[in-house]
Structure formats: C-alpha cells, structure tokens
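> Listed below are the residues making up each chain.
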Amino acid sequence: MRRIKILEEKFFVILSAFMTYSLIAVLGFIILVIFVKGYSALDWDMVLKTPKGGYYYGGEGGVLNAIVGSVYIAFGATLIAIFIGMPAALYINVQLVRYKRTQNTIRYFLDALWGIPSIVYGAFGFALMLFFGMNASLLAGIITVALLISPIMVRTFDEVLSTIPKGLHEASLALGSTRTETAFKVMFKQGFPGFITAVLLSFGRGIGDAASVLFTAGYTDRVPTNLDEPAATLPLAIFFQLGSPIPEVRDRAFASSIILTVIILIISLTARYLSKRYSKTNLK
Amino acid sequence: MFLTETETVSRQSDKLTVKNEVQLPILRVQHLNVFAAQNHILKDVNLEIPRNKVTVLLGPSGCGKTTLLKCINKLTDLYRELRVSGRIFIESEDILHTSTNIPSIRQKMGLLSQRPFPLPVSIYKNVSYGLKLKGIRDKKLIDFSVEKHLREVGLWEEVKHRLNAPATSLSIGQQQRLCLARGLAVKPSIILADEPTSALDPISSKIIENLFRDLKKHYTIILVTHVLRQAIRLADHVIFMYDGEIIEQGSPEELFGNPQTDKLRAYLVDGN
Numbered sequence: 611m612r613r614i615k616i617l618e619e620k621f622f623v624i625l626s627a628f629m630t631y632s633l634i635a636v637l638g639f640i641i642l643v644i645f646v647k648g649y650s651a652l653d654w655d656m657v658l659k660t661p662k663g664g665y666y667y668g669g670e671g672g673v674l675n676a677i678v679g680s681v682y683i684a685f686g687a688t689l690i691a692i693f694i695g696m697p698a699a700l701y702i703n704v705q706l707v708r709y710k711r712t713q714n715t716i717r718y719f720l721d722a723l724w725g726i727p728s729i730v731y732g733a734f735g736f737a738l739m740l741f742f743g744m745n746a747s748l749l750a751g752i753i754t755v756a757l758l759i760s761p762i763m764v765r766t767f768d769e770v771l772s773t774i775p776k777g778l779h780e781a782s783l784a785l786g787s788t789r790t791e792t793a794f795k796v797m798f799k800q801g802f803p804g805f806i807t808a809v810l811l812s813f814g815r816g817i818g819d820a821a822s823v824l825f826t827a828g829y830t831d832r833v834p835t836n837l838d839e840p841a842a843t844l845p846l847a848i849f850f851q852l853g854s855p856i857p858e859v860r861d862r863a864f865a866s867s868i869i870l871t872v873i874i875l876i877i878s879l880t881a882r883y884l885s886k887r888y889s890k891t892n893l894k
Numbered sequence: 483m484f485l486t487e488t489e490t491v492s493r494q495s496d497k498l499t500v501k502n503e504v505q506l507p508i509l510r511v512q513h514l515n516v517f518a519a520q521n522h523i524l525k526d527v528n529l530e531i532p533r534n535k536v537t538v539l540l541g542p543s544g545c546g547k548t549t550l551l552k553c554i555n556k557l558t559d560l561y562r563e564l565r566v567s568g569r570i571f572i573e574s575e576d577i578l579h580t581s582t583n584i585p586s587i588r589q590k591m592g593l594l595s596q597r598p599f600p601l602p603v604s605i606y607k608n609v610s611y612g613l614k615l616k617g618i619r620d621k622k623l624i625d626f627s628v629e630k631h632l633r634e635v636g637l638w639e640e641v642k643h644r645l646n647a648p649a650t651s652l653s654i655g656q657q658q659r660l661c662l663a664r665g666l667a668v669k670p671s672i673i674l675a676d677e678p679t680s681a682l683d684p685i686s687s688k689i690i691e692n693l694f695r696d697l698k699k700h701y702t703i704i705l706v707t708h709v710l711r712q713a714i715r716l717a718d719h720v721i722f723m724y725d726g727e728i729i730e731q732g733s734p735e736e737l738f739g740n741p742q743t744d745k746l747r748a749y750l751v752d753g754n
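Which chain is which? The protein sequence lines are A and B, in order. Residue numbers for the first sequence, in this note's numbering: 611 to 894. Residue numbers for the second sequence, in this note's numbering: 483 to 754.
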C-alpha cells in the first residue's frame, strides 16, 4: 500500500513538473524562432523609417508607421479603458457590496464580453464607423480596441478588489469615509498592484490584436498625425509581410514580431516595477 | 474660605450637571431586532451603556455581540440581508431614524476589530486620514494631533523616527494600537472594540487592556470579548448575551458574583 502511494506521489510530481517546464520551453522556443528568423532583418532602419517605395518587395524602409500606429492605438485604448474600467470595478466592489446577485450578474456579462472574439468587435466597430460616417482611422481603431479591452480591465481589477478583506472596507467607513472616499482612497490604493496588472493585460491584448483594427484603423505607410487619419499596426504589418513570396520580406515580418515582443516586454517590466514600488504600504 | 450664597448655589448646580452627565447613559438601545433571511439574530435587545465606563459584551460565539456592534455604528448597511428595527440613541439622537449623514454618525465611534486593518498608507497618514476627512488641512494641527494620539496609545516613542514607513511594517500589536490611535484622532466619544486582543500575543493584549483603563477617563468603551478573565479585569458594566438575547446585565460584582440565570452560571463555569 505504501509503495503505491509513493509511486503515485512520484508520478504526479513528475507529470506536473513536466507540464510546467514544457510550457515554458514552448514559449522559449517561440521567442527563439522569432529572434533567429528576424534577427538578420532587424536594423535601425526597421525601427526608424517608414516603408519607402518597393519596401514590400524587399526595398528600403521600416515599420515605424506600424510601431507608432500600434503604440498610439494601444495607449489611447488603454487610457479609455482605464477611465471606463477603474470606476466600474470600484463600483462593483464598493457601491454594490450589499447586492451580491447584481455583482455576480454584472461579472457574468463582463466575462461573456471578454470571451467575444476580437473579429466580432472589429465588425461591430466597423458598423459603428459606417453609422457615424467615419473612415477607417486612428480614432475608430482606438474606440474599437478600447471596447475590446475594457472587460479585461474591469474583470482583472475586480478580481483583485474582491479579495480585499471586508475589515479594511469597514475600517475605512468606520473612520467616517463616504463610499466614494473608501473606493478611491482605500480600495484603489490597496488594489493598486492589481490595477497595474489589469492595465498591463489590457495593453498587451490591445497592442497585439489584429482583427479588431483590420477594418477600423485601416493601414497606411505614413505615420498618422491626426485622429481621423488611418493608422498602421504591428500585427497587420506582420500579417502583410508574412504573406509575401519574397524571403527577405518574410524575415522582416519576424523582425516586426521582435519589435512587438520588446514593446510588450518593456511595458511589462515597467508595470512590475511600478506595482512593486507602490504596494509597499499595502495590507498583506 | 467663605463663599457667598450665589457662589454656593452655582457650585452646587455645577456639581449637579457634572453628576447628571456622568449618570446619563451615552447610548441606549431599545427593542432592537435584527433578522437575516430566516434567522432572528438579535431578539428585542434593550440596554443602556454608561458614560466613561468599560462595558463588556460577554457571550459565546454567534450570540450576536458583533452584530450588535455593527448596528451601533451602522456597518449593518453593508449587509443587505440584515433587517434592523428598533431604536439606538446616541446622546439623544436616534441613529437608526435620522437625517444626519452616516459618516458623521460613524465618527462618533472608533472601531477596533478582531485583527488590525491598517490603511494601505504610512503610519502618519493612517492617523491623519480621519482628520483630513473632517476637512482639516492645517499641517501644524495635523502634526500635533498625530503625535498626541500616537502618544495616547503609547506608540509615539516606537515610531517617531519612521512616521513615513508603511503601517504594515509594524508588528501586529503595534498595528492594533495604530488602529486605535487612528480611531481616536476622529474624536469619537465611544470606542467599539470587537475582541481587539484575539489576534494579539499576551504582552500586546496587556498593553491594550491597560490603554482601555486609561482611556475610559475620556471615552466610553464597549468591549466585545469571550475571554472571561479579560471581562473580569476590565468591566465596569457587563452585558451577558446568549442566542441573540440579553440574559443579564449589571455590575460585574452582581453578574460574576451572583449570577441569576442558569445560562450565565453555566457560561461562568465553562469559561473558567
């Protein structure tokens, strides 16, 4: 009997360790492939120049248009999502604290919204655009991506807020704070690391999504200078270059992937630093 | 020394008002009932809390002590399933039926819970938090008040060099005293303490108990505990609750020396 237990224990330890490390290995492999394939095409021109004539046939230029477009769209959309998501998550956890059923219904709907494929958001954004008589533009892209990432923002922040002990909530009220003061001065502060994670996840999803911007932001070789101009994005730049029959252009698709990955890495590290720095005062 | 007649009269009336103020209960609860779905948590509770005394709410777990405290500072509002009826008078205001805003009612009471919940800010800001809510902006006044209340709970010497350190860097006993200081800074007249020493080590518990002995000169303390020895050490007035009802209330000599009911008698035997 004991032997079986020992064997069983060993089997599951090895199995779970294998699964964990193979997942990390796959991720490592993806990054390795991107770097190996894209490294040769990566130079300062890629980052600092817009596509010149013949770029898509292996000519001169870079993907500055897509880098700037993606960063604009992701920042703009994240900013809007913060303005929607932060009050919404605080509302669910502070004002609705008495109404468990309403809280759960709202959470259910937000989870459903989270699960909607981004192409559906793209189609919705496109319909909205036509309704308002807008062209494919930076603004339309920002709005569509904001819609896409808002549920992620709310639910991620909400998950953290919901784990804050009720005692802290009560302590704040007992000192004479109103609900709004409790929400912004105590709950937001205590949930700040979670808020950073929410922002990071939303930004990552926003900058990496191709389907939602396909029809709404359009594509252009120019760096957008205005909200009603179309804007290129990195995922679409990767998509167009990867479809090319010319090997050099396909390598540039991988170089663009490196750029996208590095941008996400920088945002992620900054967010971790900020969250660590500002959570020292938090109740453990 | 001779006093004129008018002086004598005025002195006597002074004494009378002081006496009256001391004797008049600071808090009265009348016919308080609390229901939660099918449960009747508090059953027709009637009690009076004497001013500047330590009143101990004693009773087994689940008898409604904490719910009673939550009714007193209206934290029952956070629980939709609780239905509260009856009257709770603080001074002469019925806080269950009043138009006064709830935050200002809550500021009449400081709350100390089972484990400390310091706000996610520095030690200094924990104490100044309530002052700022009250609209006090004068830095000197806030500094003065922070020092005064940290001294009041015996924490000043321990933290004066690190007021800007996170409150969570303090030991749990210190955190509980910080929470007390934070509550006192709002100038309450009542301190509600819900088993405030249950998460603390014996030394920290003793410090809190000693603080209560000093603080009752200026504050009324309502202490929930199920540590019988603590009740005996601190109580000036005892309320014994069982299953949502008040079984006996009175002076500790009466209740501990000569319990009238079987329930209290059994509790005193088991509690020891």
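Derived by calculation from the structure, the hints in this document are not laboratory data. For every residue, glycine included, the Cβ atom is placed at its ideal position computed from N, Cα and C. Any given hint could turn out to be false.
Some but not every residue of chain A turned toward chain B, in silico, with C-beta under 8 Å [what the hints assert, rightly or not]:
1. Lys662
2. Val707
3. Ala733
4. Leu778
5. Ala781
6. Leu783
7. Gly786
8. Ser787
9. Thr788
10. Thr790
11. Val796
12. Gln800
13. Asn892
14. Leu893
DSSO-like mimics (lysine-lysine), calculated; alpha carbons at most 27 Å apart, straight line [unchecked claim]:
15. A:Lys799 / B:Lys642
16. A:Lys710 / B:Lys556
17. B:Lys556 / A:Lys799
18. B:Lys669 / B:Lys688
19. B:Lys535 / B:Lys642
> Taking each numbered hint in turn, which are not upheld by the structure, reported in ascending numerical order?
1, 3, 10 and 19
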